[in-house]
Amino acid sequence: MTTMVEAKTQTGAETGFQPRIVAFVCNWCTYAGADLAGTSRLQYAPNVRIVKLPCTGRIDPLFVLKAFEGGADAVLVSGCHPGDCHYTSGNYHARRRWSIFRKLLDFTGIDSRRVFFSWVSAAEGRKFADLINDITEQVRAAGPFEKANPARRRA
Amino acid sequence: MKVFDANKLNDLAAALAAKGYRVIAPVQDGDVVRLAEWAPGAKIQPGVIPVNSAKDFLLPRSEVIGRYSLDGNDFTPQQVTPEAPKTVLLGVRPCDAMSLAALDTVFNWDYADEFYNARRAATTVVSLACASADDQCFCTSVGGRPDSTAGADAILRPADGAKRFIFDALSEKGQVIAAAAGDLLTEAVATVDAPADVPQRFDARTVTRWLADNFDSPLWKELSLTCLGCGACAYACPACHCFDIQDEATRTQGVRYRNWDTCGLGLFTLHASGHNPRPDQSARWRQRVMHKFCYFPQRFEMLACTGCGRCGRLCQAGLAMAEVCRRIDEASKVAK
Amino acid sequence: MSGMDALRSDAAKLLRDGAVKMVVGYRARGDQRVPAFLTDPDKADALTYDADCKQNLAAYLRKPEVRRHLPLAIVAPPNVCRSLVLLAAESQLVDGEVKVLAVGNGQYHGVLDVAGVAALLKEKYPDLAPSEELVRKIGELAAMSPERRGAFWMEQFERCTRCYACRAACPGCYCTRCIVEKNVPQWISTAAAPHGNYAWNIIRAFHLAGRCTLCGACEAACPQGLPLMLLNVRVAQDVEEEFGAKAGYDPAAKPVIGSWSPDDDDEYMR
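Chains as they are written, first to last, in our numbering: chain A, 1270 to 1424; chain B, 655 to 990; chain C, 7 to 276.
Chain A on its own, in the form it takes in the complex (with noise of 0.2 angstroms):
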């Protein structure tokens, strides 16, 4: 049996459609920008819900896949800038990794309103914070990830 991430959405005041995002982000620079975001009380959209990885070079299509597979209706992806990786080049790999996925992505139906990618370090709070609130606007403007999207669990 496997668990998977799910992304529960926030009842009360908020109405209307409110997006489920998942962001896998690394620990040492985007989570610790996230952080930062945090402990500096800066507001941002409630809707992403946070992967910790070591590093975006960890991060697997696959994981991408599973994310929309469960429902989600966009997926961040975030690491540190080029050059300050804490293992040095695996912001690189990834790099190179996603600007083909992302094509193969948006040629088979999920395109760039759904899927975004980042370089936010750990003194960049407030860009995180933005970020969030940007891709939770685009994302509630594209609406709710099509359920006849074969990418999507059905059953």
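Source of the hints: derived by calculation from the structure; they are not laboratory data. Here a beta-carbon is modelled for each residue, glycine too, at the ideal position from N, C-alpha and C. Fair warning: there could be bad hints in the mix.
What the hints assert, rightly or not - Derived Cβ-Cβ restraints for the label pairs, each shown as a range:
#1 ARG1327/A / SER786/B: 50 to 60 angstroms
#2 THR759/B / LYS19/C: 47 to 57 angstroms
#3 SER723/B / GLU161/C: 31 to 41 angstroms
#4 ARG35/C / ARG1327/A: 41 to 51 angstroms
#5 LYS740/B / GLY36/C: 39 to 49 angstroms
#6 THR923/B / ASP256/C: 32 to 42 angstroms
Said to hold, decoys possible - Partial pick of chain A residues on the chain C-facing surface, computed with a CB cut under 7 angstroms:
#7 LEU1331
#8 TYR1361
#9 HIS1362
#10 ARG1364
#11 ARG1366
#12 SER1368
#13 PHE1370
#14 LYS1372
#15 PHE1376
#16 ASP1380
#17 TRP1388
#18 ALA1392
#19 ASN1418
To be verified - Derived DSSO-like pairs: lysine-lysine, alpha-carbon spacing no greater than 30 angstroms straight-line:
#20 LYS260/C / LYS130/C
#21 LYS1321/A / LYS188/C
#22 LYS1416/A / LYS143/C
#23 LYS875/B / LYS19/C
#24 LYS143/C / LYS19/C
#25 LYS875/B / LYS143/C
Put chains B and C on the given structure of chain A with help from the hints.
Structure of chains B and C alone, referenced to chain A:
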């Protein structure tokens, strides 16, 4: 006898659909003929054996057989009702109809499979006798015939030089179809066309006998060298029925699937320890042939192969069950 | 094909001289063309080659039962030559293990080693490209909206039965344990349901990114007629556009997805 014009096959399908049947028939699909759900506008193509078999509609390639929800330590299974719409397999080959005996047996042997049985009960089989065959067909080598009625509720026989079909109801279900066809079927006399000529390619009893004594024959290595270990043959085969059960779950709910599986894949017998009792393709090919021609007859007194020839048509590596059996037949003649 | 007799006689000679233990080629079986595994030089006349030979024989190099017969000779049209160069670049072939009976453009190019094959490709087949028809279809798909593209692929993947004939036919798929066979956890659903079929076909296409030599054996092997080359060619186009790389030309090439450059484009990253 009841007859109808050969060019009224689509009308027959429409009449049955109007009576609430899901009509499965061999329809033209691009370059190939495929057994698929008939819809108005589809063209039934009776002259070519479809690439897939009737098995698809009794044992789907993937189906949900269970659901459950999880709440902490609480596990609540949910009943899943088999999807079994009233179905007519219209114009399936006698080799497909014959395979149903094997499937019925296996799915009611040590366990009555409610999913298979529900669909089987809801299905009426209307065979189409073969007026032509190709060089991959070998029904006559495995106890079949191009006009066999085994497994059929009714049979359509080409007649009057392929201008008409004679409709023969063979069971109550078949008679219901005749009634549903209404005035499409007329009482008339027609001359049945000669069935296809399918020369015997090997002797199945010889093969079964040889298999019992030749587990370690070097022939297995030679025959299987070309096999690349995919499931194309098993999945197209009307008699193959192995499956895998997989659960796909989140933290709060799960779905249990039953998916087709094939002994051709290395993973099929891989143990959790890492040991694989069928470690190479030669062992896996041996298993495939023995299951159909040795183990199944030992247990159930019938072969698990009906000579449809799909394996031979599909295999890019040049393997075909008929060819393998022919080689075995030959080998047994040369033997000590 | 002109030179068929020369090919057969070269194959027989290689076997007779003990230079190879087996010749992997094609033979006719009625209308079909199927792989042949020749160990007897006197049977070399059974070898044939024509445009109907669609299997990529380099796929057999993954089988221990075939490798047992190394050194061996293998009949190879240009895209299969590329597969052999790819296998050499990925350290799956050692120098001298394989002699290539190279064919192409209706001619026989003689017995070559991997370096010779790379030179042949550079000289005679430097611009191997997919058919115009395929490129046009890809363009049509690319011009559709994402929803329509999703619907198109949904319809295609509906037919997939997960028989893995595509993987079996592909010389680039030589993992002893494929990613779909990893079940702790089961990353790719094995169900022949839309989500499983989507994941399988997409991931296979991605694992071949920068590696696929466009031989088309996968599409030829698919019993359901899935248009797999639409995916593989599209990915190959993206790889060539982004990194200027074409698989199977340079036996010393570094893997495209496995390597990186500080200058790789990241305009799409925020």
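Each hint, compared with the structure:
1. ARG1327/A / SER786/B: 50 to 60 angstroms: The hint (50 to 60 angstroms, Cβ to Cβ) holds, given that ARG1327/A and SER786/B are roughly 58 angstroms apart.
2. THR759/B / LYS19/C: 47 to 57 angstroms: holds (55 angstroms)
3. SER723/B / GLU161/C: 31 to 41 angstroms: Since the Cβ atoms of SER723/B and GLU161/C sit about 32 angstroms apart, the hinted range of 31 to 41 angstroms holds.
4. ARG35/C / ARG1327/A: 41 to 51 angstroms: holds (48 angstroms)
5. LYS740/B / GLY36/C: 39 to 49 angstroms: holds (41 angstroms)
6. THR923/B / ASP256/C: 32 to 42 angstroms: holds (40 angstroms)
7. LEU1331: It holds, given that the least Cβ distance between LEU1331/A and chain C is near 5 angstroms, below 7 angstroms.
8. TYR1361: holds (4 angstroms)
9. HIS1362: Holds. Min distance 6 angstroms.
10. ARG1364: holds (5 angstroms)
11. ARG1366: holds (6 angstroms)
12. SER1368: holds (6 angstroms)
13. PHE1370: holds (6 angstroms)
14. LYS1372: At about 5 angstroms, which falls below the 7 angstroms cut-off, the nearest Cβ of chain C leaves the hint on LYS1372/A intact, so it holds.
15. PHE1376: holds (5 angstroms)
16. ASP1380: holds (4 angstroms)
17. TRP1388: OK, holds: TRP1388/A within 7 angstroms of chain C, min 6 angstroms.
18. ALA1392: violated (16 angstroms)
19. ASN1418: holds (5 angstroms)
20. LYS260/C / LYS130/C: holds (23 angstroms)
21. LYS1321/A / LYS188/C: Holds. LYS1321/A to LYS188/C sits at ~22 angstroms (cutoff 30 angstroms).
22. LYS1416/A / LYS143/C: Between LYS1416/A and LYS143/C the Cα gap is close to 26 angstroms, so the pair holds against 30 angstroms.
23. LYS875/B / LYS19/C: Roughly 25 angstroms separates the two Cα atoms, so the pair holds.
24. LYS143/C / LYS19/C: violated (45 angstroms)
25. LYS875/B / LYS143/C: violated (43 angstroms)
When the structure is compared with the earlier hints, violations turn up for hints 18, 24, 25 and for no others.
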